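Colleague: Position chain W against the provided structure of chain U, taking the given hints into account.
From first to last, the protein sequence lines stand for chains U and W.
Take the working numbering: the last position of the first sequence gets the number 417, and nothing is skipped along the way.
Take the working numbering: the last position of the second sequence gets the number 413, and nothing is skipped along the way.
For the record, the hints were derived by calculation from the structure and aren't laboratory data.
Every value quoted in this text rests on a predicted model; they were computed, and no experiment measured them.
Idealized CB from N, CA, C, for every residue including glycine.
Be aware that a few hints might be false.
As the list claims (entries may be wrong) - Covered stretches of chain U (in silico footprint by chain W; criterion: 3 or more residues with CB under 8 Å from a CB of chain W, positions within the stretch not fixed): (1) 11-19; (2) 33-40; (3) 65-74.
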Amino acid sequence: MNPDPATDLDLDKLFAARLYAARVRPYLATALFALHTVASRQVPTMAVDRHWRCYVSPGFVDRMPVEDLAGVWVHEVSHLLRDHHGRSDRLARERGLTGPGERLRMNIAADMEINDDAYGEGLVTPEGAVQPKTLGLPAGNLMEDYLRWFRLGPRTQALAWLDCGSGADGLDRGWELGPDGAHGLSEQQRDAVRFRVAQGITGRPGSAPSGWRRWAEEAFHPPQPWRELLGAAVRSAVSAPGAGEDYSYGRPSRRSAGLPGVVLPSLRRRPPRVCVVIDTSGSVSDAELGSALLEVAAISRAVGGRRDLVTVVPCDAAARVAQPLCRAEGIELLGGGGTDLRTGFAKALRTRPDAVVVLTDGQTPWPERRPPCRTVVGLFPRRYETGMYAEDDPDYVPDTPPDWARVVEIGSAPVSR
Amino acid sequence: MPTRTLYAATDTPAHPTQLDVAGDLLTLLRDTTTEPRPDNQLEALTLAVAADLPVLLWGEPGIGKTAALTQLAAALDLPLTTVIASVHEPSDFSGLPVVGDDPAEQGVPMAPPDWAVRLVRAGRGLLFLDELSTAPPAVQAALLRLVLERRIGALRLPPGVRIVAAANPRSSAADGWELSPPLANRFVHLQWTHDHEVVVRGLGGTWPRATLPRLDPEKLPGAVDYARRAVCGLLTGRPKLVHQLPSSETRRGGAWPSPRSWEMALSLIAFATAAGSSREVLSLLARGTVGDGPGLELLAAVDRMDLPDPETFLADPSAGELPERGDLRQAVLDGVVAAVRNRPDRARWDAAWALLVRALETGAPDLVVVPATTLASLRRENWDVPESIEQLAGVVALSQRADRAAATVKGGR
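Okay, chain U solo, but in the shape it has when bound:
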């Protein structure tokens, strides 16, 4: 095809760039081909809307060499795959960010999330692509983080023309065709394309860089915030039968008066006893412990109501004194050497708890048998590098938490798509 007479858009050049982009990033080919191109003179460069239409300025295509255009293709499709429009809308709602200035900031933050690992390996960085280091920010972060770290100012002055369309920041532009225009993808079709790309990446993990692999793992299973997970686990452990509020035959129901000869159970409240075993060995930091402990204390208080029913056992190689919890800040955490949580469990079970919550980094032996109460393990993730914890035995690998405990990983990133 020759230049489109109506718009002077050099389609051959544009499609050659797309072909090249699909060759160097084969795992994005499906998404690249799903884009519908629209020639538009009102777009400064190239832009996408949330319906997977790509608006292209003819002048921009003439100006840029093919290899740079390929980088722009990958950049624009990344906005859509990473759901930047949906995330921008959510951010605008959550943080109350309104106005065009904020949307420009979101666009810049989204660009930085893409650009810090999109180029290289066959793709050149297009001219004028904003990098985190342009603004003095660390690379490898998410749009949500970047957005906190910079304001519009002299340093972003050069970026004021930046416009990747509503696909990047969620703000509808006047020159976009909108939801009713031709060749738009419906929400389900968009999900299907994203899903196919994610499946392609997880199916052949060798070919994609780690950033895209992480995206593929999390695109359809976003990690939930650990606070919610830990809360749900602790709540369901302490409100299980036998504890909390439940029907009991311990005292007959008041309705029994109307039914002579029948014993009906009544609703009784038995506040749960919770015992928190804390790994105070040197490998867990105070800040991590503090946040997790506060959370457990707050949940137990909300469920049980009585603070004296929450006890805390600090434990390293030996268990220390079990302390009743009065204020979260009043706990002395003793210890600092190696870890053996088995002694901690033994100590905790002596208080006859309904639930045991263990906060640890997992580098410990576990009890061989299931304890007679429910167990929740809050696990601080560690990168297992060789030689980090094995002073005497290089083959030592820490046991994974046992099956009978519910395990919640603490400190994993709450927002990343």
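Modeller: Relative to the frame of chain U, chain W by itself:
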């Protein structure tokens, strides 16, 4: 006191009382209009209720789950019975024991509550179990017997009664109840969310009125066939998807795939097809029945099924529609080339070239490059290059241009 002056009876009877004025104001406030607006979640709920599967609505308190149920009951012409689980005792669902003259001889019958008796007498109805997650665990246990076995005390609910339950997600539930995997597997989970625009417009006086899906009697046999092909086609190729217990903490309490939930998914696809529902509705239903990942794979399989068959193109390259969307078109062209590779033969090879030329004339040229290269490599020695290949010169030029770009990048610009 201000309240006394506000509602004090006035001396002149002709003058309306304050309560009447307040009544007028309330009438004005309630005077709202409706407008038709498609509502995917309500459509999905209607289809699941029509398919006689237990539905569990997950949603934050106060976003209109109950209102949706009222609308659904009116549309299906079913009497609605709402039971708020959290104010009941377990014996209200398992039955109250009634001691007769000789319990050892006759046993103790469990008497059902009055709403259950009325439901059974009516023979049809919509039973809505609200606030499932705020009820004590013992009540939930008794309720689940009602949902799964459809029994209340000694009564059995007739098949004409449809059951819908509602629960708050565990983050907003007071006691963090969640379903165990066997129970979660028996429900169709629908996430109920509110649409900001709808709420604003509704408060402004115009509430949406959803048009509910209607099953088309003529489409029924085709729908069953379609649903069976979709599910079987997917599961033949992906045996691992048949049964997958949820493993991680994040996926607890949600839908997961098992033979039972695949059967539910199959009947939901059939219902959605017979009603001519959109893909969005099907997506909600499939993901709510077998979970997000398998649900999306199922939809991808349905999408693939809708692509034209490569053999029809090879029989007549000018017949049939080539999809407009680039990724689908590329999938079709790849499929055609793969079909030629599987059964190479001169006529099929020529037909594939003709189709590639047609694709080039009607769409983006870069999609044709990979299929054309593969097709060229399938050539046998005695096969002549067809004349139409001249028209593919543009593709070659495009490919060379991309090659040049690669060389530029490699050479460090």
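Colleague: Take the hints in turn and mark each one as holding or not.
Modeller: Now the hints, each set against the structure:
1. 11-19: holds (count 8)
2. 33-40: holds (count 5)
3. 65-74: n = 4 at 8 Å, threshold three: holds.
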